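K.L.:
Protein sequence lines correspond, in order, to chains A and B.
Counting from 1, one number per residue, gives the positions in the first sequence under our numbering.
Counting from 1, one number per residue, gives the positions in the second sequence under our numbering.
These are computed hints drawn from the structure, not numbers from a lab.
This one's a predicted model, so the numbers in the text were calculated from it and none came from an experiment.
Incorrect hints may have been included.
[To be verified] Ranges of calculated distance between the beta carbons of each label pair, as one might list FRET restraints:
hint, chain 1, residue 1, chain 2, residue 2, range
1, A, Val145, B, Glu180, 26 to 36 Å
2, B, Asp88, A, Asp191, 38 to 48 Å
3, A, Asn330, B, Gly115, 18 to 28 Å
4, B, Asp135, A, Ser100, 29 to 39 Å
5, A, Gln176, B, Gly140, 19 to 29 Å
6, B, Ser117, A, Asp191, 23 to 33 Å
7, B, Gly115, A, Asn265, 49 to 59 Å
In this text, a Cβ means the ideal position worked out from N, Cα and C, and glycines have one as well.
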Amino acid sequence: MYFSDAPSDDEVEVSIFGPGRGESCLIHLGKSEWIVIDSCKSRPDGHVPVLSYLDGLGVDIQRAVRLVVATHAHDDHIEGISSIFERAEAAFFVLPVAMSPEEFAALVVTDRAASLGLGSLRRAHKEYAKIASILASRPSPVPGVKAVIFAGQGRTLLDSANWAVTSLSPSDEANQRALQSLASRLAVQGDRIYPTSRDPNELACALWIEAGEKRLLFGGDLLAGPPNCGWSAVVASFRPTRPASIFKIPHHGSPGAHHEDVWSNLVSDDSIALLTPFRGGRRPLPSPTDVERIASLASAVYASAPTRPGEVMDVELRRAVSAVGALGHNVRRLGGPCGQVRARSRFGEEGWRVEVLDPALSHKVAS
Amino acid sequence: MNTGTGSTLQSGNPTTPGSTLSSERPTFSTPLTGSHVRVRRETDLVSHPNVLSESTRDVDHATEATSVKRRLASGPISSEPTEPYLIDGLEKWEGIVERIYSKQFSARLIRTLGGDSEELEAEFDSSLVASSDRDLYTEGAIFYLTVRTVVNNRGNRHRTASVAFRRSGRWTSADIDKIESDIDALTRAIADVF
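Could you put the whole structure together from the sequences, leaning on the hints where they help?
P.N.:
Below is the structure:
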């Protein structure tokens, strides 16, 4: 289903997975140490690609995964993340918002109460609820150290002798906005019960990873602004000594996440851009124009799946289209099978070897 | 109580001889009749405990699914047909508003009756949102899409579709007490690792 050969101890690997809606990034930092950024599920069977891939490689997930990062609580980024964290017993969990245990508990409990009796579509924070239950049931991976780490601007989340993971966002202002948003979601007697809202994109966590001489940039869904938030805040405060050679493009390549200074200050001229599409909404991302823009800035561009797949009209879909189409337009499935883009490079080696697994594809290959 | 008014549309089945409506894209028809409200009351009750306590009838989907081919004494459930009819098919989706545009909204849907529960996505015209549901129309709002196939005594088949937004209850003091108690318990459970 996915690639099946494990990386060597001196090899850095970046894999992205995506079914067309949702994404997950997996990084091997060397010596069988892995981190996971976000999670998604493959359709129609609903498996979690990171787990299937690591199982296929024979990786001991319980010990080898050191960090599980939720860049923000959108379903296309955290679907299934609790199942990864459940198996990754040696991992710390990274939350994008710095909140107290009471605030986190309030978020989870209110979301659950507001969603009682609703189907599987609801529950903006159901993955957080499962994470809370896992946290409550096991000790921290390192005695005396909290198992939950908060992302924030310029914060080192975890490091070792040969690697370090640093969050570049959210900024203090974005964090403040998130806490205000959280306060507005709390239940008040007599108020109508509304579903809890999702995290704003300015809250998304972007990550800078150093492994040996390799530099990697993961954009999450971070947008360019607003002022004092997003990439504007990142480029104003962060200037690496060496640019990133791999850039996981933020927010599915949307124009709103593009910031020229990111390309000039944080990313190398011969970088490899990794894209994950988002097929939701009226304008799926990335558009052909978005891909052109990114291809003009990177030496190679790969995507985990096509933006607009050729949908197979099987009997079930035809029937659903016939019925829902009485009122709706453009009826489609939510996602499809997961593709994989995998880039590997040994310590000291120039460049990356990139492979793609259907339905992943290359938009531009390095010359 | 989940008796939100909604919007209803009906269309003929172009493949059925004697179909009375056009096979063109169906048109949206308002206002609703009282019978629409009655139908919606049956189909869109919410299982939130606050709401159930006020509801007149809970829905047993399995029971309803097996009894849809029942002959009803009199119509209409919509302006057509006006004669005795059979409900020959019933499909239901639960939807969540994902994004609101100027004249449309996109939504995720999961079928709750009448077929696979695979998730779908679609766009809907915002004009489908009844004026009485406007206060509920927000990103994250839940709605119910019901599609019925109806056969009148002359064998003509009609398809009717309706959208109704979930009208949830209000937080009660008992809700708040339970939430606060749950927050305290969860906070204690995770305090050591958080």
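K.L.:
Which numbered conditions among the earlier hints are violated in the structure presented, ordered from lowest to highest?
P.N.:
none
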